[in-house]
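Line by line, the protein sequences give chains A and B. FYI, the numbering for the first sequence is 11 to 220, going by the numbering used here. FYI, the numbering for the second sequence is 21 to 385, going by the numbering used here.
The hints are simulated quantities; they were obtained by calculation from the structure and are not laboratory data. No experiment lies behind these values; they were computed from the predicted model shown. Hints may contain errors.
[As the list claims (entries may be wrong)] Subject to a maximum C-alpha distance of 25 Å in a straight line, what follows is the list of computed PhoX-like cross-link-like pairs (lysine-lysine):
| hint | chain 1 | residue 1 | chain 2 | residue 2 |
| --- | --- | --- | --- | --- |
| 1 | B | K96 | B | K115 |
| 2 | B | K283 | A | K82 |
| 3 | B | K89 | B | K217 |
| 4 | B | K195 | A | K122 |
| 5 | B | K145 | B | K96 |
| 6 | A | K82 | B | K116 |
| 7 | B | K115 | B | K195 |
| 8 | B | K99 | B | K23 |
| 9 | A | K75 | B | K172 |
| 10 | B | K283 | B | K210 |
| 11 | B | K99 | B | K210 |
| 12 | B | K172 | B | K195 |
[To be verified] Which stretches of chain B does chain A cover? Using the computed rule of at least three CB atoms under 8 Å from a CB of chain A, they are:
| hint | segment |
| --- | --- |
| 13 | 257-270 |
| 14 | 273-286 |
| 15 | 349-358 |
| 16 | 369-383 |
Even for Gly, the Cβ is constructed at its ideal location relative to N, Cα and C.
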Amino acid sequence: MLRLTNVQKYYGGFLAIDIPSLFIEEGLWWVQGENGSGKTTFLKMIAGLHPFNGTISLNNLTITKQRQQFVKLVNYAEAEPLYPSFLTARDLVELYCQTKGGDILFAQELLKQLHVFDAYTQSIGTYSSGMIKKVSLALAFIGQPKIILLDEPLITIDASAVNAICTMINDSYKKGVSFIITSHQAVRSEQLGFTGKLLVENRTIHKNSE
Amino acid sequence: MRKALAILQKVLVNYFFRVNAGLFMFAFFVLFGLPYSVLAFHYSLITGVVQSQTFLALVMVVWLLYNIKCVDYISKQLKHQHQSFLFCLNCLPDKKNYLLQLYVQVQVYMPVLLYSIAIVAIALKQHHYLAAIEVILFNLMVLVLTPFLYLKVLQRKPLNYKGLAIPSLGLELRKPYFLYPLYFLLKDRKQMLLITKIFSLLLLYGFIQLYQPERADIRPVQLCLLITAAAHCAIVFEVRMFEDEYLQFSKNLPITLIGRFFKSIALYLILLLPEMVFLLKGIHTQFSIYNYPQLVLMLIALICMFHVVLLLEKTNMEQFIRIVFAISAACFFVILYDPGVLLAAMILALAFVLYSSYFYQYEKQ
Numbered sequence: 011m012l013r014l015t016n017v018q019k020y021y022g023g024f025l026a027i028d029i030p031s032l033f034i035e036e037g038l039w040w041v042q043g044e045n046g047s048g049k050t051t052f053l054k055m056i057a058g059l060h061p062f063n064g065t066i067s068l069n070n071l072t073i074t075k076q077r078q079q080f081v082k083l084v085n086y087a088e089a090e091p092l093y094p095s096f097l098t099a100r101d102l103v104e105l106y107c108q109t110k111g112g113d114i115l116f117a118q119e120l121l122k123q124l125h126v127f128d129a130y131t132q133s134i135g136t137y138s139s140g141m142i143k144k145v146s147l148a149l150a151f152i153g154q155p156k157i158i159l160l161d162e163p164l165i166t167i168d169a170s171a172v173n174a175i176c177t178m179i180n181d182s183y184k185k186g187v188s189f190i191i192t193s194h195q196a197v198r199s200e201q202l203g204f205t206g207k208l209l210v211e212n213r214t215i216h217k218n219s220e
Numbered sequence: 021m022r023k024a025l026a027i028l029q030k031v032l033v034n035y036f037f038r039v040n041a042g043l044f045m046f047a048f049f050v051l052f053g054l055p056y057s058v059l060a061f062h063y064s065l066i067t068g069v070v071q072s073q074t075f076l077a078l079v080m081v082v083w084l085l086y087n088i089k090c091v092d093y094i095s096k097q098l099k100h101q102h103q104s105f106l107f108c109l110n111c112l113p114d115k116k117n118y119l120l121q122l123y124v125q126v127q128v129y130m131p132v133l134l135y136s137i138a139i140v141a142i143a144l145k146q147h148h149y150l151a152a153i154e155v156i157l158f159n160l161m162v163l164v165l166t167p168f169l170y171l172k173v174l175q176r177k178p179l180n181y182k183g184l185a186i187p188s189l190g191l192e193l194r195k196p197y198f199l200y201p202l203y204f205l206l207k208d209r210k211q212m213l214l215i216t217k218i219f220s221l222l223l224l225y226g227f228i229q230l231y232q233p234e235r236a237d238i239r240p241v242q243l244c245l246l247i248t249a250a251a252h253c254a255i256v257f258e259v260r261m262f263e264d265e266y267l268q269f270s271k272n273l274p275i276t277l278i279g280r281f282f283k284s285i286a287l288y289l290i291l292l293l294p295e296m297v298f299l300l301k302g303i304h305t306q307f308s309i310y311n312y313p314q315l316v317l318m319l320i321a322l323i324c325m326f327h328v329v330l331l332l333e334k335t336n337m338e339q340f341i342r343i344v345f346a347i348s349a350a351c352f353f354v355i356l357y358d359p360g361v362l363l364a365a366m367i368l369a370l371a372f373v374l375y376s377s378y379f380y381q382y383e384k385q
C-alpha cells in the first residue's frame, strides 16, 4: 500500500529522518517513539505538509508526481490543530467536502458523535482546544481516503469522545481504510486492534519485529 | 520592578515594533527617504502644522489613530493566553502597576513623542505658543490615560470597547477559501489595511489630480502603480505569515498548483479593487481605456511577485522590504523604455514559475 524509498528529511543540515526502504501494508498501525523522535515529521511528510528527499508512493501514486490524486487518498489530523479563528466548523466541513469530495451529512454526523455539532456555526475562536481537536478529527474522515494519519488523536479530548473516535476508526477500518496513528496513551486492544507497530528510533522507522 | 520592566519590554514593546516593522519602515521611507533635503522638508511641514489649527487637528487625528493601534495591540497581547503569566503583575500595588504600563505606553508611543518634541521646539521658536501647548497637552493626555486601559485589561475588567467590528447582518455567508486572508486582514489587521488603503488611494488621487500631461502616456501611471504596489508590501507579508501559521492544513487538500496561484490572484484582485476603480479616473487624461487592462495586470503581477518572494526562503520584514525596493527599482528602469504589456506578463509568468517550484518546498521554521 504505502511505500517509502530513500526518504530523508533534513532540518537545515540536521538529518532528522532517514528511511532507506519501508513498506506499510493495509492495516491499523501504531507509531511509537520518544518525544522528538520524528513521529509527527513522518506523518507530515506522508500528508504532504513537509518537503523531503526520496519517494513516498501509495498504490503507485507518488506524492511528488501525482500530488492531487495522492492527497485525495491521504487524510491527516494534527496533534495540535490550528485554524483561523474567524472560520466556523461549517466553513471547514464545506471546504473539505468540496475538495476531498465528501458528504456534508456524513461529516455532520461525525461531529454529532463527537458532541461538537452544537457549535457547528460558531467561529473556531470561541472553541476550546478539545473542540478544535474534535473538529480536526472529524475532518480527517471526510472524502474517500485510503489511509488516515492521526497524530495523537486521543489527547485533549474527553473520555466519551475517545470512545467515539475509536468507534469511528474501527468502522472506517472495516470499510477498508488504513490508519497510521501516533499515541503516547496506552490503547486497550478492545478499543483499537492494531495490526502492528511502527517504531521511530535512531532517526529511522521500522516495523516492530515482535 | 526592574525585572518586570525587562519582561514587559521584551514581550510587549520589542514585539510591537517587530510585528509592525513593515509599517515603520514604510513610514520612515515616505517621511525620510526623500531625494531632496529631509530637514528642509520637515521644517516646512512642521511650520505648516504649527501655523494652521486645521492641519494640527489632522495631525492629532493621525496620532490618535496610531494610539488606537497601540492600545489594540497591547490589549490583545495582555489578553492572549501566551501572555497570561503577566496576570501576576496584579499582585503589585496599583501605583507600581500603573507605572509599568506607563513605561510600555511611552515606549510604543515613542515615534509620536519624538516628532512632537520637534513640533514643540519649532512652535516655541516661531512663537506659536498655543500650538505648542496643544501638542504638549494632547500627548500628556494620551500618555496619562492610556495606561489605565492597559490596567483594566490586565485586571480583566470589561472595557466596553469593541474596536472596529465588522457589522454583521445576521447572515451566515459561506467564506470562500481564497478569501480567508482577506477575512484575517479585516479581523486582525484592520489598522494596517486602513492606513495602507488611505495612503495608496491618496497617492493615486494626488497623481491623477495634480499630474495633467499634454498627451496620454502610460509610463508615469505605471511608476505611480509601482509605489502603490510597494505600499502593499506589509499587507502581502501579513498574508504570507497568516498562510504559514493557519493554512498549513490546506497543503493536504487536493487543490492544483495553478488553482492555488489563481486563488492568490483573485484575492489580490479583490484587495486592490479600490485602487482599480480609482484608476478609472485617469482614463483619457493619463492613459487610454485600452491601457487599463495592462495597468491592472501590472499591479497584480507585482503584488503576486512580492507574495512569491516570501516563499523562496524564510525572509524577515527588513529583508523583504529590501527585495521589494530592488524589484521596484528594476521595474522603474524597464518602464522608462515602455515595454508595454510584456513587462507585466513576464513578472506574472516568473511569479508563477517560482510559485510552482517553491510552494510545496517552503517549510515553516
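Each hint tested on the structure:
1. B/K96 <-> B/K115: Roughly 22 Å between the alpha carbons, so the hint for B/K96 and B/K115 holds.
2. B/K283 <-> A/K82: Within the cut-off at roughly 19 Å; holds.
3. B/K89 <-> B/K217: Between B/K89 and B/K217 the Cα gap is close to 16 Å, so the pair holds against 25 Å.
4. B/K195 <-> A/K122: Roughly 22 Å between the alpha carbons, so the hint for B/K195 and A/K122 holds.
5. B/K145 <-> B/K96: violated (41 Å)
6. A/K82 <-> B/K116: Given that 25 Å is the threshold and the Cα spacing comes to 58 Å, the pair is violated.
7. B/K115 <-> B/K195: violated (47 Å)
8. B/K99 <-> B/K23: holds (21 Å)
9. A/K75 <-> B/K172: violated (56 Å)
10. B/K283 <-> B/K210: It holds: about 22 Å lies between the C-alpha atoms, which stays within 25 Å.
11. B/K99 <-> B/K210: Given pair B/K99, B/K210 holds - Cα atoms ~18 Å apart, limit 25 Å.
12. B/K172 <-> B/K195: violated (35 Å)
13. 257-270: That given contact holds, which follows from 6 residues of the segment 257-270 of chain B lying within Cβ reach (below 8 Å) of chain A.
14. 273-286: Since 4 is at least three, the answer is holds.
15. 349-358: violated (count 0)
16. 369-383: Answer holds; 4 residues pass the 8 Å Cβ test.
Going down the numbered hints, you'll see the structure goes against 5, 6, 7, 9, 12 and 15, while the others check out.
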